[in-house]
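Participant: Sequential numbering from 215 applies to the first sequence in our numbering.
Derived by calculation from the structure, the hints in this document are not laboratory data. Bear in mind that the values here come from a model prediction, so they are computed numbers and not experimental data. Where a beta carbon is used, it is the ideal one built from N, C-alpha and C, also for glycine. Keep in mind that a hint or two might mislead.
Unchecked claim - Taking lysine to aspartate or glutamate and the DMTMM-like style, the derived pairs with C-alpha atoms no more than 20 angstroms apart in a straight line are: (1) K359 x E379; (2) K570 x D590; (3) K406 x D283; (4) K406 x D294; (5) K323 x E291; (6) K515 x D486; (7) K453 x E488; (8) K453 x D431; (9) K570 x E627; (10) K453 x E266; (11) K515 x E567; (12) K450 x E502; (13) K332 x D360; (14) K406 x D273; (15) K453 x D512; (16) K450 x D512; (17) K525 x E502; (18) K323 x D307; (19) K515 x E488; (20) K515 x E502; (21) K450 x D431; (22) K515 x D404; (23) K525 x D545; (24) K601 x E638; (25) K359 x D389; (26) K406 x D431; (27) K515 x D590; (28) K570 x E622; (29) K406 x D563; (30) K332 x E379; (31) K406 x D376; (32) K332 x D294; (33) K515 x E574; (34) K570 x D447; (35) K525 x E567; (36) K525 x D563; (37) K453 x D294.
To be verified - Derived DEER-like restraints, expressed as beta-carbon distance ranges: (38) G374 x A328: 27 to 37 angstroms; (39) D273 x A556: 29 to 39 angstroms; (40) D273 x L682: 26 to 36 angstroms.
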Amino acid sequence: MSIRTRFAPSPTGFLHIGGARTALYNWAWTRRHGGTFVLRIEDTDRARSTAESEAAIVDGLRWLGMDWDEGLSRQSERGDLHRAAIETLLARDRAYRCVCTPDQIEARKQQVTATGAKWTYDGRCAEAAHGPACGPHTVRLRVPKDGRLGWEDLVFGPSGQDAREIGDMVIRRSDGSPLYHLAVVVDDVDMKITHVIRGADHLNNTPFQIALYRALDAPLPQFAHVPLIVGADGRKLSKRRDPVSVQHFREAGYLPEALCNWLVRIGWSHGDQELFSLDEIRALFSLEAAHRSSGQADPQKLDWINQAWIKQLPVGRLVAELQPFLAAVTDPGAAAAATGDAGLPGLVDLLRERSKTLAEMAARARFFALPDDALDYDAKAVQKHWKPALRAPLAALRDALAALPAWEPAGVEAAFEGVLAQHEGLGRGPLAQAVRIAVTGSAASPGIYETLAVLGRDRTAARLARALAAWPAG
RNA sequence: GCUCCCAUCGUCUAGCGGUCUAGGACGUGGCCCUCUCAAGGCCAAAACACGGGUUCGAUUCCCGUUGGGAGCACCA
215 MSIRTRFAPS
225 PTGFLHIGGA
235 RTALYNWAWT
245 RRHGGTFVLR
255 IEDTDRARST
265 AESEAAIVDG
275 LRWLGMDWDE
285 GLSRQSERGD
295 LHRAAIETLL
305 ARDRAYRCVC
315 TPDQIEARKQ
325 QVTATGAKWT
335 YDGRCAEAAH
345 GPACGPHTVR
355 LRVPKDGRLG
365 WEDLVFGPSG
375 QDAREIGDMV
385 IRRSDGSPLY
395 HLAVVVDDVD
405 MKITHVIRGA
415 DHLNNTPFQI
425 ALYRALDAPL
435 PQFAHVPLIV
445 GADGRKLSKR
455 RDPVSVQHFR
465 EAGYLPEALC
475 NWLVRIGWSH
485 GDQELFSLDE
495 IRALFSLEAA
505 HRSSGQADPQ
515 KLDWINQAWI
525 KQLPVGRLVA
535 ELQPFLAAVT
545 DPGAAAAATG
555 DAGLPGLVDL
565 LRERSKTLAE
575 MAARARFFAL
585 PDDALDYDAK
595 AVQKHWKPAL
605 RAPLAALRDA
615 LAALPAWEPA
625 GVEAAFEGVL
635 AQHEGLGRGP
645 LAQAVRIAVT
655 GSAASPGIYE
665 TLAVLGRDRT
675 AARLARALAA
685 WPAG
């Protein structure tokens, strides 16, 4: 039997990292085993579901590098199937109509829970045999009163609950709409899903869903529950407290490779390996190696992983990824110009060692994208490093650079050395800092020779001239 | 409260009875390198929650305790 899996998010917000990881596990495992992976939007809650959210989920998954088969299906478009399944259940007496109102149930529930016992539906309508014309009613599944609703979880091992813990759950609202559990099970059966890989928060839902499979006379799929990703406080991720949306990380300058790498390692490991490409994830991911305990998402580890990817990705890819971030710290025109500049790849190569995110790289590359006459100087750096006495050496350097036959790091360094030799007592550091600020506006940049080499002869000259013109007098 | 689940450094984890004076990674501290910022190299501090068993022998198996989490809807 061929493997079929699905990722079934509800479109009630952005794709969040917990869902992204569940999708990643599904995707990787399915691809590894040559199965079919489908995406099903669980939009039965019409009030909370939005088209924007669905688009965000689709975009997020694509951006991360995942693909799926057989298009995209929406649960809302399968209502007929759900309704028919409920009718079948009713006809076979595996379910019954219940006329208890929410208020009545609430009152009875209060009585039971007051004694400390656990409430499950008391079965008042179970034997009443209400017909279709019984007035406003819900439909409840007949859940066995004894026995066990168990399964062999691919991650958690033997799992289950005693059937009596569950109670007869509602599968159709009084307005005729089916509930989530019914829809999920009917869809999974209909789509011939063989392996349900989902978050451990569904562990408690599984027994009831198993009862549903049995009532439907459908074969049980294999279940694999993966541990939750929790926030720094150890609790379930909260949109309020934690940065959770994939979009957020994308906008903060994290690469999809890094995000996948980070997420796959929370709850799964492969020996001591830390870095995994999407191809490696697809080749190596196994449910046997998945963990059972929940894990925290450590943003500092993400930073490190992101930089690791920044360090090894092809420069052309980084240049392209960098553009929007460059535009954000300058303007679209400057960013486009910089992206077309032959010197940018060289700068990116210098910056990969010092950038944890694309946003940070853009901030460090800003000086390059800015027009020469628009560069702003860091006031504190100027105060500290632009000493009047450095004016003459700087002018000498300007001349030495202008006389350089070839514009490359070694030549620039030679020019520096020449100026240093001419000026007794002048240190390499002070001169480098003065130039660095003149050319980048900041006291921190890649090596000064490499920086000038990448900036180019003309732009360096323009910036030195501008700095000299603004130089503090003794 | 009830049901279910989990438990190795601060965090992610290796470990699937002896190889553990418990390994790696992030982070942290120190040193080196150095024109700044990084990157890199070296070193260091840092964990088997507790108590019972089982066993010749438990981080590894079992049971409790404690701690944490999830679920208890006519939400998904």
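Participant: Could you run down the list of hints and mark each one as holding or not?
Facilitator: Structure-based check of all given hints:
1. Our distance criterion of 20 angstroms between C-alpha atoms is met by K359 and E379, whose separation comes to about 8 angstroms.
2. Under the criterion of a C-alpha separation no larger than 20 angstroms, the hint pairing K570 with D590 is inconsistent with the structure, at around 24 angstroms.
3. For the proposed pair K406 and D283, the alpha carbon gap of about 14 angstroms is at most 20 angstroms, so the pair holds.
4. Distance restraint check for K406 and D294: the Cα-Cα separation of roughly 17 angstroms lies within the 20 angstroms cut-off, and the hinted pair is therefore satisfied.
5. Between K323 and E291 the alpha-carbon distance is near 35 angstroms, which puts this suggested pair outside the 20 angstroms criterion.
6. Distance restraint check for K515 and D486: the Cα-Cα separation of roughly 15 angstroms lies within the 20 angstroms cut-off, and the hinted pair is therefore satisfied.
7. Proximity of K453 to E488 is assessed by CA-CA distance (about 27 angstroms); at most 20 angstroms being required, the pair is judged violated.
8. Restraint check for K453 and D431: the C-alpha separation of about 39 angstroms exceeds 20 angstroms, so the hint is violated.
9. At roughly 28 angstroms between alpha-carbon atoms, K570 and E627 are farther apart than 20 angstroms, so this suggested pair is violated.
10. Of the supplied pair hints, the one linking K453 and E266 holds, its CA atoms being roughly 18 angstroms apart against a limit of 20 angstroms.
11. Between the alpha carbons of K515 and E567 the distance comes to roughly 16 angstroms, so the proposed pair stays at or under 20 angstroms and holds.
12. With a C-alpha separation of about 24 angstroms, the suggested pair K450 and E502 falls outside the 20 angstroms cut-off, and the hint is violated.
13. With a C-alpha separation of about 16 angstroms, the suggested pair K332 and D360 falls inside the 20 angstroms cut-off, and the hint holds.
14. With a C-alpha separation of about 26 angstroms, the suggested pairing of K406 with D273 is violated against the 20 angstroms cut-off.
15. A C-alpha spacing of about 16 angstroms is found between K453 and D512, which places the hinted pair at or below 20 angstroms, so the restraint holds.
16. Our distance criterion of 20 angstroms between C-alpha atoms is met by K450 and D512, whose separation comes to about 14 angstroms.
17. Distance restraint check for K525 and E502: the Cα-Cα separation of roughly 31 angstroms exceeds the 20 angstroms cut-off, and the hinted pair is therefore not satisfied.
18. Of the supplied pair hints, the one linking K323 and D307 is violated, its CA atoms being roughly 25 angstroms apart against a limit of 20 angstroms.
19. The suggested pairing of K515 with E488 holds, with an alpha-carbon distance near 10 angstroms, which does not exceed 20 angstroms.
20. Among the hinted pairs, K515 with E502 is inconsistent with the structure: their alpha-carbon atoms are about 24 angstroms apart, more than 20 angstroms.
21. As the CA atoms of K450 and D431 are separated by approximately 35 angstroms, the hinted pair breaks the 20 angstroms bound.
22. For the given pair, K515 sits about 41 angstroms from D404 by alpha-carbon distance, which is inconsistent with the 20 angstroms threshold.
23. Proposed proximity of K525 and D545 is contradicted: the alpha carbons are some 26 angstroms apart, above 20 angstroms.
24. The hinted pair formed by K601 and E638 meets the criterion: a straight-line CA distance of about 16 angstroms does not exceed 20 angstroms.
25. With a C-alpha separation of about 28 angstroms, the suggested pair K359 and D389 falls outside the 20 angstroms cut-off, and the hint is violated.
26. About 13 angstroms separates the Cα atoms of K406 and D431, which keeps this hinted pair within 20 angstroms; it holds.
27. Our distance criterion of 20 angstroms between C-alpha atoms is broken by K515 and D590, whose separation comes to about 33 angstroms.
28. For the suggested pair K570 and E622, the alpha carbons sit about 27 angstroms apart, so the restraint of at most 20 angstroms is broken.
29. Straight-line distance between C-alpha atoms of K406 and D563 comes to about 49 angstroms, which puts the hinted pair past the 20 angstroms bound.
30. Of the pairs offered as hints, the one joining K332 and E379 holds, with about 8 angstroms between alpha carbons and a cut-off of 20 angstroms not exceeded.
31. Using a Cα cut-off of 20 angstroms, the hinted pair K406 and D376 is violated, with the two alpha carbons roughly 27 angstroms apart.
32. With a C-alpha separation of about 35 angstroms, the suggested pairing of K332 with D294 is violated against the 20 angstroms cut-off.
33. A C-alpha spacing of about 16 angstroms is found between K515 and E574, which places the hinted pair at or below 20 angstroms, so the restraint holds.
34. Of the pairs offered as hints, the one joining K570 and D447 is violated, with about 24 angstroms between alpha carbons and a cut-off of 20 angstroms exceeded.
35. For the hint linking K525 to E567, the alpha-carbon distance of about 6 angstroms falls within 20 angstroms, and the restraint holds.
36. Straight-line distance between C-alpha atoms of K525 and D563 comes to about 8 angstroms, which keeps the hinted pair within the 20 angstroms bound.
37. Straight-line distance between C-alpha atoms of K453 and D294 comes to about 34 angstroms, which puts the hinted pair past the 20 angstroms bound.
38. Take G374 and A328: their Cβ atoms lie about 29 angstroms apart, and the range 27 to 37 angstroms holds.
39. Checked against the given bound of 29 to 39 angstroms, the beta carbons of D273 and A556, roughly 32 angstroms apart, stay inside it.
40. For the hinted restraint 26 to 36 angstroms between D273 and L682, the CB-CB distance of approximately 49 angstroms leaves it violated.
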